[in-house]
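Participant: Which chain is which? The protein sequence lines are A and B, in order. Sequence positions in the first sequence follow the working numbering and run 1 to 832. Sequence positions in the second sequence follow the working numbering and run 1001 to 1104.
Please keep in mind that the hints were generated in silico from the structure rather than gathered at the bench. One or more of the hints may lead you astray.
For each label pair, taking beta carbons as the anchor points, the in silico distance ranges come out as [as the list claims (entries may be wrong)]: (1) A:Asn665 x B:Lys1077: 52 to 58 Å; (2) B:Lys1077 x A:Gln701: 45 to 51 Å; (3) A:Ala717 x B:Lys1077: 45 to 51 Å; (4) A:Lys365 x B:Asn1047: 49 to 55 Å; (5) B:Lys1031 x A:Phe809: 19 to 25 Å; (6) A:Ala717 x B:Asn1047: 46 to 52 Å; (7) A:Gln701 x B:Glu1046: 37 to 43 Å; (8) A:Ala717 x B:Lys1031: 41 to 47 Å; (9) A:Gln686 x B:Lys1077: 43 to 49 Å; (10) B:Gln1053 x A:Pro687: 36 to 42 Å; (11) B:Glu1046 x A:Val828: 50 to 56 Å; (12) B:Gln1053 x A:Gln721: 42 to 48 Å; (13) B:Lys1077 x A:Asp791: 44 to 50 Å.
For each residue, glycine too, the CB sits at the ideal point set by N, CA and C.
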Amino acid sequence: MKKIYFTCDLPNGIHARPASHIESKCNKFISNINWKNNRTGIEGDAKSVLSIIGTDTLLGDQCELVIEGQDQDLAFEQLQRFILSELPLCDSPTNKDEGPEQGVLPRNFTNLNPQFITGRTASSGFAKGKLLHVGSINFDSITNRPTVREASIERKELDSALTSLVDNLSLQIKKGEGVELAVIKAHLSIVNDKEFQITLSEKLEHDGSCADAIIATAKHYGHILQKSSSQYLRERELDIRDICFQLLCLVYGEEHFVRKLKLNEATICIAKDLTPSQFLDLDKNYLKGLILTQAGKTSHTVILARSFSIPTVVGINNDKIAHLIDHDIFVDSDIGVVVTDISEPICRYYEEKQRVIDKVILRQKQYIGQKCFTSDGTRIEVAANIALDVEVTPAFTKGAEGIGLFRTEMLYMDRDSAPSEEELYNIFSRAIIAAKNNPIIIRTIDIGGDKPVDYLGIPEENNPFLGYRAVRIYEEFIDLFKTQLRSILRASVHGAVKIMVPMISSLEEIIWVKKILAEVRQELHQEQLSYAEEIPLGIMVEVPSTVFIIDQFCKEIDFFSIGSNDLTQYLMAVDRDNAKVEKYYNSLNPAFLRTLKMIVDEVHLYGKWVGLCGELGANTAVLPLLVGLGLDELSMGAPSIPATKERIAKLDTGSCKQLLKEALNCGSATDVESLLRLFRSQQEEQPIITQECISLDYDFQSKEQVIKFMSNNLYLAGRCQSPDKLADDIWTREDVFSTGLGFGFAIPHTKSEHIEQSTISVSRLANPIKWGEDDVKFVIMLTINKHSDGDLHMKIFSKLARKIMHAQFRQVLMDSSSVQEVEATLKVELEI
Amino acid sequence: MIKIIAVTACPTGVAHTYMAAEAIEQAAKVKGWECCVETQGSIGIENELQVAQIEAADLVILTKDIAIQNEERFKNKKILRVTSGEAVRHAAQIMNKIDEHLGL
Chain A
1 MKKIYFTCDL PNGIHARPAS HIESKCNKFI SNINWKNNRT GIEGDAKSVL SIIGTDTLLG
61 DQCELVIEGQ DQDLAFEQLQ RFILSELPLC DSPTNKDEGP EQGVLPRNFT NLNPQFITGR
121 TASSGFAKGK LLHVGSINFD SITNRPTVRE ASIERKELDS ALTSLVDNLS LQIKKGEGVE
181 LAVIKAHLSI VNDKEFQITL SEKLEHDGSC ADAIIATAKH YGHILQKSSS QYLRERELDI
241 RDICFQLLCL VYGEEHFVRK LKLNEATICI AKDLTPSQFL DLDKNYLKGL ILTQAGKTSH
301 TVILARSFSI PTVVGINNDK IAHLIDHDIF VDSDIGVVVT DISEPICRYY EEKQRVIDKV
361 ILRQKQYIGQ KCFTSDGTRI EVAANIALDV EVTPAFTKGA EGIGLFRTEM LYMDRDSAPS
421 EEELYNIFSR AIIAAKNNPI IIRTIDIGGD KPVDYLGIPE ENNPFLGYRA VRIYEEFIDL
481 FKTQLRSILR ASVHGAVKIM VPMISSLEEI IWVKKILAEV RQELHQEQLS YAEEIPLGIM
541 VEVPSTVFII DQFCKEIDFF SIGSNDLTQY LMAVDRDNAK VEKYYNSLNP AFLRTLKMIV
601 DEVHLYGKWV GLCGELGANT AVLPLLVGLG LDELSMGAPS IPATKERIAK LDTGSCKQLL
661 KEALNCGSAT DVESLLRLFR SQQEEQPIIT QECISLDYDF QSKEQVIKFM SNNLYLAGRC
721 QSPDKLADDI WTREDVFSTG LGFGFAIPHT KSEHIEQSTI SVSRLANPIK WGEDDVKFVI
781 MLTINKHSDG DLHMKIFSKL ARKIMHAQFR QVLMDSSSVQ EVEATLKVEL EI
Chain B
1001 MIKIIAVTAC PTGVAHTYMA AEAIEQAAKV KGWECCVETQ GSIGIENELQ VAQIEAADLV
1061 ILTKDIAIQN EERFKNKKIL RVTSGEAVRH AAQIMNKIDE HLGL
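With the rest of the complex left out, here is chain B (with noise of 0.2 Å):
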């Protein structure tokens, strides 16, 4: 089972950061994959990625329009660096694109 985790934030921390979060969810779960997503935005984390789904995770989507907070956690992880807009936008690309790459 694929697990991937994804952490998003944007410049408002209104609307995007959630929309993202929402969208890699929908993607995931079209793909059968199991999927946390993280977010930081203007009411604060969410979410919050514990140490054992970091570990466990074979791919993290980090949206790259602001810094992410206590980025260190991901620091042996694959990271796939995107923005909040590509992924409202192009979820289902991105998780093609993670499938190509993790090779199944």
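Same shape as in the complex, but just chain A (with noise of 0.2 Å):
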């Protein structure tokens, strides 16, 4: 008998990820593995998923595993080396998509005074809706049990549920994505651990129906993990409570067992635990805000209502909210919070924030059909990132021209065994026939020694990145690499693929790769299997040498793709990942806005393609730099596209490659933000007067509301990032002393940030307010830009401000009849 102590190092505890990783890593031995969780005193085989969960092991545990057996020897050398260096890797990375920052609440909101309570963002969003309580799966109120019939048939029912409920799980996976995948994946992996089917039995022989055996699996299951003290793991209990009323309700019909809820007009669902399924079938039309109080951010429920952009709040107790049920109510996952009083002031709120959505939206809309070019005609590809076939016809309604990055790891992931050729073929052919002979660029795997998949055993590394991986692995592993070119090519003659290999450094590799691909062509060719002549062949440039030696590669492939994360993290030599570092992260560095600049000069003089796919294709504020870099696409996640294609449409190519010749003679990252920033703020000269910024003769029931809707309108006219943070600036400056004049105006300002072009905005009203102690109709708000170097702005808004202390001009601006009459006094009078 051997032993191996440790401590547990996961954060979450060892829950169902990481207890697969242990169970098909200990299955891979003869001899028993005990595995024991010293302060619970509980033990479990190591060999069962469910059973590693049930000694509910959690960070700190002293544990130890007792290996008793023939291969006891061998298995103990590899189970410690797996303890001490895979295991602690083996817990996913909390969503880095978390949700908003929960910040201060914005003036706006709370100036209304409303009644709300305080939970936690979990899906960003607002919406109305009428609170409905959703049930959760109590199997202690299932009265009418099923009465017990024969053994057999009764052990026959369940052996033909259970077989039905993994065909109905596999299925879905076919068809899953994203997020519901991992779930049914997940619940899969449940049903067919051992332990769970022993226990099943068990109960079987002892409480005799099938519906006995199933509830008090459920609930033994459900004991062991809701006793935990890990989040986490207790909310994996509503995982097997899920499963098994899948499996009642395939034993006994659906209608059973009430289950299904239909929504019939829009509807706020509360509930203490939702599971996936219960979720899924909800109707999405009328759910339109969820409530969870007891859910927390890794729950499976939140990350699929994160998946359907269904507004979500956590953390809120039942009993502040139950006497609203069937009340309308706001959820605002925005800013976290549950409104529950629905006075006129908070629906007006909320009909402004969905008005400068609507309009951001429609304003996107006619972006999204386009090619997407510069304001001077240079044409710019803009593509999606994607990892699943699924994601591809969503990411072209979206505005993607093509599929700049199809990463091809998540399909290997997760799994125990590599995907065959077939099931490959069958996604990639999805995915290029979704793309309507767009173009679609398939990465070959990038896996390695930091992304746990299993079954390539891969031996831990020190230092992954630095490690082998991705291209490194192809030659160990021919015949998984020539499955994936096999089936990329047979898919090939659907639509218009390319293919771009990871991690490339040297010449070598990629002149393999091409032998490689030669042979597959030839095999396919032997087997009377048809592919497209021509596939463009490229790479990613992540590793810093391939700067130097474009020259050479170019003689041998079609296009590069800049992976600008990694390329960072090589250059700087930087962990982005770690705190104490990640400052050095900066892809505003000069040094490597130098390199960027090299790669695509050099790549368009040997007359090929370049484009980027890292994060910083998605960022706005850096785009004019992207831009003067002459790049032919930017590869982004979907949501991005939209926003960027609309800001390239506003850039002019000659300004950008001046601001891109600048900051490249910057000495540092900061003077480049400054720079970007400038920039933004000049590019168009925009006029301080527009009439986007003009309103006549709306009814505005508050200051609250005027503030508001100019700060939007700013937003929606470009000139502000962040309304309600420029709201609050004004705001602040309304608390030193109220801006009302008397004589029915007002003259709210403020110097921030927060506006990047100097603006007067002007807005009379169809009723007269109060504005602090005076009746306001005519407001007119300057917003200067805090940065901005020179006086000029602010010699214009000290003209208006003496002009606004004459009668006259006051009364011309007061009778105007029209918007562009109130932009030409303006122009006029302060002479712009």
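Fit chain to chain and form the complex, with the hints in mind.
Facilitator: As structure tokens, this is what we get:
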């Protein structure tokens, strides 16, 4: 017998994912392997996911693995290594997209003195709906338990239900996408778990009917998981309940157990715990928002809500809100609150928010169907980064002109074995067909020591980023590589596919790849399987060495795509996940910018194509530099595409090139940032007065409404990025003393960093409102850019301030019959 | 001829500085007085009062929302302090008060 003593290092404890790694590792050995948690005293079979989870092992727990059997020495050695170096890396990092930071509530909101309950944002957005309680699957409430039938019948029913469930889930996996897929896979792994099935059988023998056995099993595991001190593990209990419920329905039919909730109007659902299946069942046309009183950020349901863009708030106590069931409420998960009074000011507030969003969507809509060009007609392709074939169509509806990067790693992860050629062929074909002859670049797998793909058995490494991964492993795993190539080639008949190879660092690697490609073509030819004649081949530019031999690469390949994330890390020698050095990870570093310039210039010198597929492309502030570089394509997450296309359409290549030149000569990233800020505010020399910011005779009811409306208009006019923050600055000035002037005028103003183009906004109100002590009917809002050099705008403002003191001037404004007239008056009087 | 000088400065230096200046100038004009106003706003100091002007002035109006720069210049003068808000709204009344005070 051999023992391994260790401490659990995983922040979330041993939950499903690490447990499944442990289980698959242990299942390679004949010996019995027992996992014992010395804190809880619970032992479990290390070859069963559920057993391991059942030990409730959390961060810091002292544990031991007891190995006994024929191959115990080998097992000991390998498991020792696994626990020391691989296990700590098994937990996937918490979702980056955890929703907006909980910050100070905007003044426009708090000034309304609304009744609200604070929770935590789980999925951003806002919505109004009728509050409806969705009950959890409560097995105790199932009173009409079916009668017990003959033992063999019950056994047969259970087995058949299990098989059906496995089939159903497997089928869903084929169709599933993104997060839904991960949830279904997790369910499947539980159903297939040995321990789960053993428990079911035991309960069946003991209790008699399938219903009793299934419910008893659900309770058994529910009990274990619910006791856990880890919120993450408690949440997994929902998954067990969900599966058991599905089993019950398979055995007895759904009608037997009332479950489906039919929504027929705009609804905000509140639930203590909603299973993923329940969520998926709810009609998304009517499900406007979600309040999960107990779910945490890692709950599968929350993750699904984000996928479906359902505003979701968590962490709200049920009793605080129970009295509002059947009443209309607002969920505002942008700021993490549930608004419980539906007074008119609140409704107007959210109508205004909706107005802004609708306008932005409408405004960006025109760019969606168009090819992307700069204002002076330079073409830049804007494409999408994806990881699953089902993402293709949505990407194109967001305006993608192609798929600039199809990462294939996901197809290999979270499985027991590599996908077959057929499976890959189907996936790629679907993706290529969905792309409808638009280009789609498939990147061959980039996995290695850092991405857990156990069945490859790649040994753990000290430094996976500099290690054995991507193209470097292809030779050892030649079958895997060839299978992927075969599937891509075969799928190529359906459209315009290109192949890209990651992590290339020297010429001989790509020459080798080309050799393999030729072999694969030959094989397919002999098997009489067709493939497209011309399939462009390219490489990721991420390893800095490639930058210096682009000329050599140009003789062998057709295109390049810059992986800006990794290129920055390798170039600056920084691990962006290391908090101590993350400040060095800055793609605006002039050294990095010069590197980009070298790449683009050299590639173009040889007449080839170069795109960029890192996160940098989605950063609209940096776009002018990327346009100045002359990149042929930018590829990014689909949600960023509309804003990017819109921004590029407003940029002029000449000024971007000039900006780049200056940036390349900056001494630091900070200087580049200042340069970009200046560029943004100067770029179009926008007039200080614009009709977009003049509004006449709107029916505002309050000072809050006016300020919010005028700030939002500045945002819609592209002069301000954060209207709520700008409004807060306006309010800060109001707090000093009111800007009401008497004579029915008010002149709110601020010098703020949140307004990029200094502007004079005007609003004449249909009816006077209370502005502090005064009645105000005419508002002139002055917003000046804090960083603007030169006094030009301030001089105009001061002139305006003086003019306002004259009754005649005020009267002319007050009597204006149109927006154009207001604009003209101001321009004349202020001499602009 | 009554000579009034003033210096205006407001918290943000964007609006009230200039509105107060304008209001004071206009109200003084109505009274038929000579008036010069120095503004200390975002643009910086404009219409800076000269030594001769200060010497000749009968009264100085200073806004009191924020500190006035170079206030030592007025140390021997009659000073009336008002908020920029008051200057904007009630410039005429302020002039009347000055009228009374100077015993005219």
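Participant: Hint by hint, say whether it matches the structure.
Facilitator: Quick rundown of the hints versus the structure:
1. In this structure the hint that Asn665 of chain A and Lys1077 of chain B lie 52 to 58 Å apart at CB holds, the actual value being about 53 Å.
2. For Lys1077 of chain B and Gln701 of chain A, the hinted distance range of 45 to 51 Å is satisfied, since their beta carbons lie about 48 Å from each other.
3. Evaluation of the 45 to 51 Å hint for Ala717 of chain A and Lys1077 of chain B yields a pass: the beta carbon distance comes to about 48 Å.
4. For the pair Lys365 of chain A and Asn1047 of chain B, the supplied restraint of 49 to 55 Å holds, since their beta-carbon distance comes to about 52 Å.
5. Roughly 22 Å separates the CB atoms of Lys1031 of chain B and Phe809 of chain A, a value that falls within the hinted 19 to 25 Å.
6. Separation of Ala717 of chain A from Asn1047 of chain B is about 34 Å and departs from the stated range, judged on CB atoms against 46 to 52 Å.
7. Distance hint check for Gln701 of chain A and Glu1046 of chain B: the Cβ-Cβ separation is about 39 Å, which falls inside the suggested range of 37 to 43 Å.
8. Between Ala717 of chain A and Lys1031 of chain B the beta carbon distance is about 44 Å. The supplied range of 41 to 47 Å therefore holds.
9. Between Gln686 of chain A and Lys1077 of chain B the beta carbon distance is about 45 Å. The supplied range of 43 to 49 Å therefore holds.
10. For the pair Gln1053 of chain B and Pro687 of chain A, the supplied restraint of 36 to 42 Å holds, since their beta-carbon distance comes to about 38 Å.
11. Evaluation of the 50 to 56 Å hint for Glu1046 of chain B and Val828 of chain A yields a failure: the beta carbon distance comes to about 23 Å.
12. Distance hint check: the CB atoms of Gln1053 of chain B and Gln721 of chain A are about 46 Å apart, consistent with the given range 42 to 48 Å.
13. Roughly 30 Å separates the CB atoms of Lys1077 of chain B and Asp791 of chain A, a value that falls outside the hinted 44 to 50 Å.
The structure does not agree with the numbered hints 6, 11, 13 stated previously, though it agrees with the rest.
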